[in-house]
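Enquirer: Taking the hints into account, I'd like the entire structure generated from these sequences.
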Amino acid sequence: MSHNDSAPAASLRRQPGLPNRACTECRRKKIRLSLMDTLDYDLTSYFLSSSIDAGEAMDFNSIIQNATVNVPFEDEIEQQLYVPEQNHEGLTGLSSNVVNSGAISLDQLYQGPEYAIGIDMGLPSEQDHRYSIPSLSGPQSPSQLQIGIALNVSPTLAQHLVTVFFEKIQCAIPVFHRPSFDRAFSYVMTGLEARNMSPEDALVLNAMFALSSRFATFGFPSSVSAHNRGKSFAEAARKIILSNYNNFDEFDSNMPQLKCLQGCILLSYYLLTSTAGSQSWMMTGLCCRMAYEMDLDTVDSTPVAEDNVDEWVKREELRRAWWAIWELDGVASSLSRRPFSINRYTMSVYLPVSDEKWFAKAKTDSAPLGVDPLSAWRVLRTSANVDERAWYLASKALLKSASEIQRTEFSSPEREEVWNALGRFRLALPKSFDLLSVNFETASFKAVNWIINTHLVLETTAIMLCLRDAVSSFPSANQVAGYETIALDNCARHVRAIVRIAQTWKPDYIKFSLPFAANLLFGPAGINIRSDVMQRLGSDPDTIKLALDRFADSWGLYELLLVSSSAAAADFCDTIKAENVEVDGPLSIQYEETLTKYWSAACSALRPSCILAPSSTAEVANIVNALQDTEDLFAVKSGGHMPNNGFASIQNGILISTKNLDQVVYDTETQTAVIGPGLSWEDAQKGLDGTGRTLVGGRLGGVGVGGYMLGGGLSFLSSQYGWAANNVVNYEVVLANATIVNANKDENQDLFYALKGGGNNFGIVTAYTLQTHPIGQVWGGNYIFSGSKSPEVLEATRAFTEHYPDEKAAIIVTHERAIAIDSWIVFLFYDGPTPPQGVFDGLKAIGPEVDTTKTWDTYYDLLKFNDFAILHGQRYLIGTETTPLPNKTVGAEVMQSYHDHFVDVGNGILEVPGLISTMALQPMPRNITSKAKALGGDLIDLPDDQDYIIFELDYSYSLASSDEKVSAALQDLYGGLHNLVDKHIEDGLLPDIYRPLFMNDAYFQQDYWGRIRTKETALQTRLKYDPEGFFQKRTSGGFRLN
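Take 1 as the starting number for the sequence shown in full-length UniProt numbering and just add one per residue.
Treat the hints with caution; some may be incorrect.
[What the hints assert, rightly or not] Computed cross-link-like contacts, SDA-like style, restricted to lysine to any residue with a CA-CA straight-line distance of at most 25 Å:
| id | residue 1 | residue 2 |
| --- | --- | --- |
| 1 | Lys1015 | Ala960 |
| 2 | Lys1033 | Phe1004 |
| 3 | Lys789 | Asp662 |
[Unchecked claim] Ranges of calculated distance between the beta carbons of each label pair, as one might list FRET restraints:
| id | residue 1 | residue 2 | range |
| --- | --- | --- | --- |
| 4 | Asp365 | Ser180 | 15 to 23 Å |
| 5 | Asp372 | Asp508 | 37 to 45 Å |
| 6 | Asp372 | Leu871 | 57 to 65 Å |
| 7 | Lys965 | Arg1013 | 51 to 59 Å |
| 8 | Ile821 | Asp508 | 46 to 54 Å |
| 9 | Asp508 | Gly1029 | 41 to 49 Å |
Source of the hints: derived by calculation from the structure; they are not laboratory data. Don't be surprised by glycine CBs; every beta carbon is placed ideally from N, CA and C.
Expert: Listed below in C-alpha cells is the structure:
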C-alpha cells in the first residue's frame, strides 16, 4: 500500500491562514523503524560492560523483562512514526507485500537501503545477501520480539558520569532539573540492590552517559578516544527506543513521557554532533513529533498561578525540552538544507530562565519568542528574564529568518527588514554582552559561552544576508564571475568579527559550549575557514581552525562540518549537470543503485553529495577542470571492490563513477582490446565472446577493472603473462590539469611505468588498451578441506609455489574461520580442458571433502562461478603481508607459525557479530616476476630469482559498532605476520630479501610506499605530472605518494 492509498493522517494544529512549515518535511523526517536499519541488533549488549570501570559492577538485572515490540499495519505506522499531516506526495511507503496478518516483523523492517529512502521496490529475497541481517536471539514471531537487558556500570562510574553531565553538558544542553533528577535516580547513585529499571530511565541514563563519557576522567580504557566512549551507550539508547517506541504513546502527559522525550533529545544531540548522518536527522524528527504529541508548542497557552511554584518548575522543564528540540530542528534542517519542521509562527512557549533560578524554585517571569522573531529583542528587553541563553535563542530566531531568505526568493524589502532587526537586536543587548568585559571565571563560563554564541549567531546572520544580497546583484545566473568579489566585500567585516570573537574565547571552555557553535565558526559554505577568503580579507586563517580543533578534541564535528559545506558540493553537481553529464542525486534510484555496488557495506553507507557518471574521457576532463575551482573532495569508483573507506567511496563529497566508461573494443589486427574502467572483469571477458581471446584480469568476475589495474593485478594467468598491469599497451589518462594524454612505451614512458602499481596518484585512467591472449575451454573450481587438514594444506601450498608444476596452473588457498566455520577453500585454475597428471596432485592427495572442479566451456563461466565468494551486506577490512617462501626443511615450522597467529588473532574477536576471518595464501613464484620483467617491469619490482607468498587477510562482520575492534585485530594480524617474517629472517629460516606490499590487498594504514623500492622514481613522476599535488590533496583516499 502506498501512502496515497492509505487513510489521511490527522493534521497538526496550526493557526488558520498560516502555512504549516513542516508539511513538505514530515515525510522526510518520518521515523520508520526500517529507516533505523543502521542500528546494531545485538540486543543483549545494551550497556558498556563492567570491564570499563575498575570498581565493582552494579548488576541491574532484567531492566526490561520480556519487553514486546508490536508493529502495526502500515497506515498505523504512518500515523505513529511521522509528524502527522495530510496530502503527502512524492515518496511511496512500505510495499504491500511487507504487510502480513496484521503485523510486520523487525526482520522485514530491517531490509536494506530501498526502504531507507522509502521507494517501493518490493521486499528483497532471502537469497539476496546484500540484505542479510544478524539473527536476533530469543523467541520471535512476525509481530513480537522478546528481549532482556541488564546494566553493568558501577555506582561509582554512574555517579561520575551524572556529575560530569551537569558540570560539562547541562551548561550547553540544559534539559534537566537537577534536584528532581537526583531524587528520581538516587537508586543508581547509591548502589541499591538490583532492581528493574523502567525503559524511560534506561533511555535517559544511556543517552546522558553517551554525552558525558567524553569528559569522564576515569572508567574508560586509554585506547578509547573521547569521541568514541559514548558509542555503546548511544547504541543502547537507540535499541531501547526501537524496542519500546509503541509504548511511549501509552503514557499520559506526565514525567515518564517527558523522560522518554528527554532521552531522545540527548541522543539526538549525540548523533548530530557525532555523525550528522541519517540517524541524527531521523531522531530529530522523532523529537519534533513527540513534542507536538505532548503539546509542548502550546505549553504556555495558559498562565501559571502566581503562587504555584511547583507547577512553574515542572512547566520550565517542558519549556527546556521544547527549546532543545527547536535548536535541534534548526541545526538539522540547516545542515540538510531542508525546511524547518517546527512552525515558529504557532508556538506559545516562554523563553527559559537560568538554571540557578530554576533549581532554587525562584519563580521568574519570562516571555514567549512571539510570532514575529524580528521583534524578539523587544520581548526580552521588557522581561524579568535576563538569562543569557534566552537572548541566544532570540538571536537564533533571527538566524532562522536569514536562513529562509537565503533559501527562497524573499524580496529586497523583506531582507531589509531583517537587516534592520539585526541592528536593533545588537543595540538592545544587555551591557553584560560586551565582549570586552567578559570574564571567564569558572563560575561564569556558562554565561560567557552563551554570550559568545549569541555574537557568533548575529555575525553569521549578517553573513547570510550579505551572501543573499550578492546573489540579488546578479539578475542572470550566468553572471557569476563577479559574484564572489561582491559577496566577500559585503561579508568582510562580519567574517573578521567572527575571527575576533574566536580570539576572545578562552580555549579551555570552548569544548563546554553548545557543540553547534562549531557551525557558526565554520560559516555558511565554510566561508570562515577558506584560506583564499582570509587572505583576501587580510584575516588570520588559523584562528578559527584552532578553535574548531578545540571542539574536535571532545566532539566529532569534522563530518558535521563537511555536511555544512555540502551546499558548495551541491552547486558543483548542478554545474556539471548543466554540461549534460549524468549526475545522480540522493534519493534517485541510480544513486542508490550505485551505492549498493560495493563489496563492503561500510563503503555503501558513505553518502556522496552527488554521483557523476561521465560517458567519455572529455567529460572526465571537464569534471577535473571544474574541480580546480572548488575545494570539494572527490573519489573515483570502478567496481567498488576495495573496502578501504574513501578510496572509491566518499561521504558528502563528489563521487565520480566510471560505470558509463564501459567500452570493450577489440582490434583483430593488433589483438588488443580497449577496456573501460567501469567494467567488471566478467563483463570485460563477456565483451570478447567469439574472439577466442582473453584478458589478464581478476580471478573473481565481479571485481572491477580500474582499481585492480592500478594496484598491479594478480590473475590466474599471471604465471603465463605477468601482472595484469604488465599487459597494458596504453593508458588513456586525464591529468591534474585536465589535459588528456596517452601513456605507453613511446609516449610518457615514465607515467606508463608509474601507473603499474602506483594507484590513484597520477591521474584518472579512462581507458586501458590491453594485450589479449588465446583462450579456450578451461578447468577450475574448488577443493574444500576441513580445518583439521591445515598442516597438509600449508605444505601443499608451499610445495606448489616452490616447484610450480605448470605455468598454466594457478591456485588461491583460503582458510575461512567463524564460530561454526573452519574450512579451507582452494580456488583452482588450469588454462586448458583438463590439467595434466601431477599438477594438483599435492592438494588432491589430501582428500578434499568437496570437489567442484570441472571443465568450463568459457573462461567467463568460471569467473562468474567464482563470484560466490563476493558476499554483499557485510562490512570488510582487508590487509596484506609478503613472505619469502620457506624451503622444505623449515617450511612446516614457518608456515605453521603464520597460521597459528591467524587463528589466535581471530579467536580473540570471535564474538564480533557476523565475523568471518579469512587468510588467503597467494603463490608468487619467480616465473611470474620473470614474465613481468620481460614485459617491461612495474613499480612492484619483485626479483625474478625468488619465490614469495602474498597474504590476503580480511575480516567480514555485520555491525558498524565493531569497526574499531576489528580494525585493531587486523592491524595485530598483519603486524604480527610482519614480525614473524622478521624473526624467521633473524633466525636464518628465511632469506633477508626485498618484501613489498601488494596494493590491491593493503589496509589503508599500511605503509605501501615505505615498502616499495621504486618510490623515488614514482615520486618524481608524480611531481612531473601533478606538481601541485591535486590528487594528493583532493581525493578522499588512497595510498598517498609524498
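Enquirer: Please go over all the hints and tell whether each is borne out by the structure.
Expert: These are the hints, each one checked on the structure:
{"no.": "1", "hint": "Lys1015 to Ala960", "result": "35 Å, violated"}
{"no.": "2", "hint": "Lys1033 to Phe1004", "result": "16 Å, holds"}
{"no.": "3", "hint": "Lys789 to Asp662", "result": "43 Å, violated"}
{"no.": "4", "hint": "Asp365 to Ser180: 15 to 23 Å", "result": "21 Å, holds"}
{"no.": "5", "hint": "Asp372 to Asp508: 37 to 45 Å", "result": "39 Å, holds"}
{"no.": "6", "hint": "Asp372 to Leu871: 57 to 65 Å", "result": "58 Å, holds"}
{"no.": "7", "hint": "Lys965 to Arg1013: 51 to 59 Å", "result": "34 Å, violated"}
{"no.": "8", "hint": "Ile821 to Asp508: 46 to 54 Å", "result": "52 Å, holds"}
{"no.": "9", "hint": "Asp508 to Gly1029: 41 to 49 Å", "result": "36 Å, violated"}
Hints 1, 3, 7 and 9 from the earlier list are contradicted by this structure; the remaining hints agree with it.
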